[in-house]
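Colleague: Use these hints to put chain B onto chain A, whose structure you have.
Chains A and B are the protein sequences, given in the same order. The first sequence lines up with residues 1 to 340 when you count with our numbering. The second sequence lines up with residues 1001 to 1441 when you count with our numbering.
Treat each hint with caution, since some may be false.
[Said to hold, decoys possible] Calculated cross-link-like contacts (lysine-lysine; reagent style DSS-like; alpha-carbon spacing at most 30 Å): (1) A:K237 x A:K174; (2) B:K1258 x B:K1273; (3) B:K1173 x A:K277; (4) A:K285 x B:K1235; (5) B:K1273 x A:K55; (6) A:K174 x B:K1258; (7) A:K41 x A:K174; (8) A:K81 x A:K277; (9) B:K1237 x A:K285; (10) A:K176 x B:K1237; (11) B:K1258 x B:K1237; (12) B:K1235 x A:K277; (13) A:K176 x A:K55; (14) A:K277 x B:K1237; (15) B:K1237 x B:K1173; (16) B:K1173 x B:K1372; (17) A:K281 x B:K1173; (18) B:K1328 x A:K237; (19) A:K237 x A:K176; (20) A:K281 x B:K1372; (21) A:K237 x A:K41; (22) B:K1250 x B:K1237; (23) A:K176 x B:K1235; (24) B:K1258 x B:K1235.
[To be verified] To give an idea of the chain B side of the interface with chain A (calculated C-beta under 10 Å), a few residues: (25) I1175; (26) N1302; (27) P1415.
By construction, these hints were calculated from the structure, which means they are not laboratory data. C-beta: ideal position from N, C-alpha, C; glycine also.
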Amino acid sequence: MDRPSHLSVVIDLDPSRWDTLNLSLFLSHLLGFFNAHVAAKHENTLAVFGAFPAKSVMLYSSSDPIAEIPPNDANSYPPFKLVDSTVVNRIARELELIADDDLDAPVALVGALTKALCYINRLTVEANAATTSSTDQSLEPVALPDPRILIVSVSPDITSSYIPVMNSIFSAQKLKVTIDACQISGPENVFLQQATHLTGGSFIYAERQDALLQYLIMALLSPPSVRRTIAVPTQDKIDFRATCFCHKNIVDIGFVCSVCLSIFCQPVPVCSTCRTKFPIKTLQKLNSSRPPLPQSNSSRAPTPSSSSARPSTTPRPPATPPTGSDQRHLPRSVVNGHAP
Amino acid sequence: MAPPKHDDFMDMASDSDNSFDEGLQRKGKGKSKSTDKRKKDQNKRKPKDVQAYTWEASYTRSWEAVREDEAGSLQHAVEDYVARGRRKRLQDPSTAIRRTIIRHLVLVLDLSASMLDRDMRPTRFSLTLQYAREFVLEWFDQNPLGQMGVVGMRAGVGERIGSMTGNPQDVLKAISDRHKLEPSGDTSLQNAVEMARNSMNHLPTHSSREIVIIFGSLTTVDPGNIHETLEECIKSKIRISMVALAAEMKICRDLCVKTGGQFGVALNEGHFKDLLFELVPPPAQRSLSRAAGAGATTTSANLMLMGFPTRLPGASPPSLCVCHSDLKSDGFLCPRCLAKVCDVPTDCDICGLMIVSSPHLARSYHHLFPVKPYVAVESLDESSPTCCGCARPFPTVVSQTVTEGVSPIGRYRCPDCRQDFCSDCDVFIHDVLHCCPACGK
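The following block holds chain A by itself, in its conformation from the complex (with noise of 0.2 Å):
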């Protein structure tokens, strides 16, 4: 570790998901972590981004001062402290704030991605602009070492993101910062497998909760530039599944618009994308060499003429919670109606 590296760390704080966690101790383990990150190098930055019921909020930045310096305590080192003490109070307010109605609404972890990406450009934009004075070379990312950014999810995948997490994900490409991410609980998580794997970071499945200080800090603490040294567990199977546009289920073989690449889960007779009209052959060809459909979907989606008759020509995020939740925890080959 010779250079200083950024860690800009998006925690999901999902309430729904605390029956089944102990927050108190999920925090403990994770502002340990962010102490390790602070040990580890004098110069290394942090920042902790929270993504709540639809909202996403910076926690926690070590570059803009904090406005309430906790008092002195003689038992603790004050740099951790006022990183434990902002990130734990900014955590309590925020829950605090949110309302009722958006208890049950889904996590905003893309907003906080995004949020933590226009961070670290920003960071780079500074550090560009304090290194080398001439204004036309603001735009190559040269000056930030490492940024990497670490997603801890507690929930599954939220398919009507799905566009968005893969835009963010391109962005980090181009802003060649690491993704990390570790999942405590609940099914894997398909985006977040993809992000890891595109920008070269590594996914863990936390089993046991109870050790998650242990897994971040063997995994996750050492930066990229490090970790070509040292065997860092990787994931092993990356699903490149993706979500379709008309129903947001996950899909491993879709029917796909040959025009804009729309993405559909049963053959439609006009993309709602970009209103092509498709063949009435090709669809009576698809129709009839598709599996058939496993029950659960086929009782739920609506009917392909009613997704087609929809004026709008961009999809809306479904007002109703994703459909297609029943579906992923099935074998994959019972989804495809195909035993091996």
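Modeller: Just chain B now, with coordinates in the frame of chain A:
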């Protein structure tokens, strides 16, 4: 005419250096005034000559744009550039338009003796190769499902340099060895276009077919009537775009205009690159239909069945792949028949399913769902103290100079979620991120 011009430019360079230094600020200002006057004099004397050459004109414009404010800072000049970018972006339609995303392109390189001309540094040939490599990388970055082939025009024939492939490394390899591409002889436009056309004949109709020609010669030596080739290209809906390095030729412009492509003559090295890179983003489909008349509206779009595979790690137990029968650990599992293939995108050898990696598809989605342009906030009422994206504190003083499209208080507001963003975030969100942090759409 030329020497004072040169002086102006030198002054400008030193000014912009000085303005970062508070101590030298007055000196810089004095200079800028005097040079302003000198320029006015020139304008009076020879108003037409000032705009004579494009490169001179662009110097004049940038000189006018970079101007210090009362405090000697260049901030407004910088903001002005940002504003210009914003305005350019506002002109783009924010609604979804139809673009051809599965593209097939043949890059035709002129390898005739005229490419040894030194009017572009170091030579036209070296520069073309260098830009062609950058073009290939950028093109595959933005069109991950596209395929590209390379054809050379040398010694009066068309020469296949690289066949159609979806792998940028293969294309780069084909044009990496400059000794194999050493220019000689004459150019034959017809031979090269015919060769490119034949290599795209078998393609499905829903994909786009394009030819991009970098043309350095002023002649073409053809075995037959090139206008027949042009008719054939129109019939098979091939779009020809061309960047000429020497001068405009009637037949070149005809080829481009009649097939719905773009034609440009490079003025200098930078302009050459601009012209070439304008061909990178996927073309909107309406221009194709306009060029080819009413018949093209039936460009058969199709619904394709695609599978999204699971990638096996390098540590998994080795098994035979179905494409090469090699024993290896990593690979991709076809979601339908669970056969293992080496690489994507490909067609499964067992069940014929088209296997693509979903991130490849997702790379183009920002074209479909662009972020709405943010509105420049004019007044300080009900605005938050920090940027919603990067938490940078906003300036609280209202700046005096008013430019269209630039907020005097540095705030840009999303029309949907009413959150404010700083200008850096505004540019970043619209150019890179393609997703509003506050409303997530």
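Colleague: Indicate, hint by hint, whether the structure satisfies it.
Modeller: Here is how each hint holds up against the structure:
1. A:K237 x A:K174: Answer holds: K237 of chain A to K174 of chain A is near 24 Å, not above 30 Å.
2. B:K1258 x B:K1273: 24 Å, holds
3. B:K1173 x A:K277: With Cα atoms ~40 Å apart, K1173 of chain B and K277 of chain A exceed 30 Å; violated.
4. A:K285 x B:K1235: 28 Å, holds
5. B:K1273 x A:K55: Distance ~43 Å between K1273 of chain B and K55 of chain A Cα, so the pair is violated.
6. A:K174 x B:K1258: 37 Å, violated
7. A:K41 x A:K174: Roughly 26 Å separates the two Cα atoms, so the pair holds.
8. A:K81 x A:K277: 61 Å, violated
9. B:K1237 x A:K285: Holds, at roughly 26 Å.
10. A:K176 x B:K1237: The hint is violated at about 39 Å.
11. B:K1258 x B:K1237: 10 Å, holds
12. B:K1235 x A:K277: 22 Å, holds
13. A:K176 x A:K55: Since the Cα atoms of K176 of chain A and K55 of chain A sit roughly 26 Å apart, the hinted pair holds (cutoff 30 Å).
14. A:K277 x B:K1237: 20 Å, holds
15. B:K1237 x B:K1173: Satisfied, since the Cα-Cα distance of roughly 29 Å is no more than 30 Å.
16. B:K1173 x B:K1372: With Cα atoms ~40 Å apart, K1173 of chain B and K1372 of chain B exceed 30 Å; violated.
17. A:K281 x B:K1173: Answer violated: K281 of chain A to K1173 of chain B is near 41 Å, above 30 Å.
18. B:K1328 x A:K237: 15 Å, holds
19. A:K237 x A:K176: 23 Å, holds
20. A:K281 x B:K1372: Violated: K281 of chain A and K1372 of chain B sit about 37 Å apart, past 30 Å.
21. A:K237 x A:K41: Since the Cα atoms of K237 of chain A and K41 of chain A sit roughly 33 Å apart, the hinted pair is violated (cutoff 30 Å).
22. B:K1250 x B:K1237: Holds, at roughly 21 Å.
23. A:K176 x B:K1235: Roughly 45 Å between the alpha carbons, so the hint for K176 of chain A and K1235 of chain B is violated.
24. B:K1258 x B:K1235: 11 Å, holds
25. I1175: 25 Å, violated
26. N1302: 5 Å, holds
27. P1415: 15 Å, violated
The structure fails to meet hints 3, 5, 6, 8, 10, 16, 17, 20, 21, 23, 25 and 27 from the earlier list, while all remaining hints are met.
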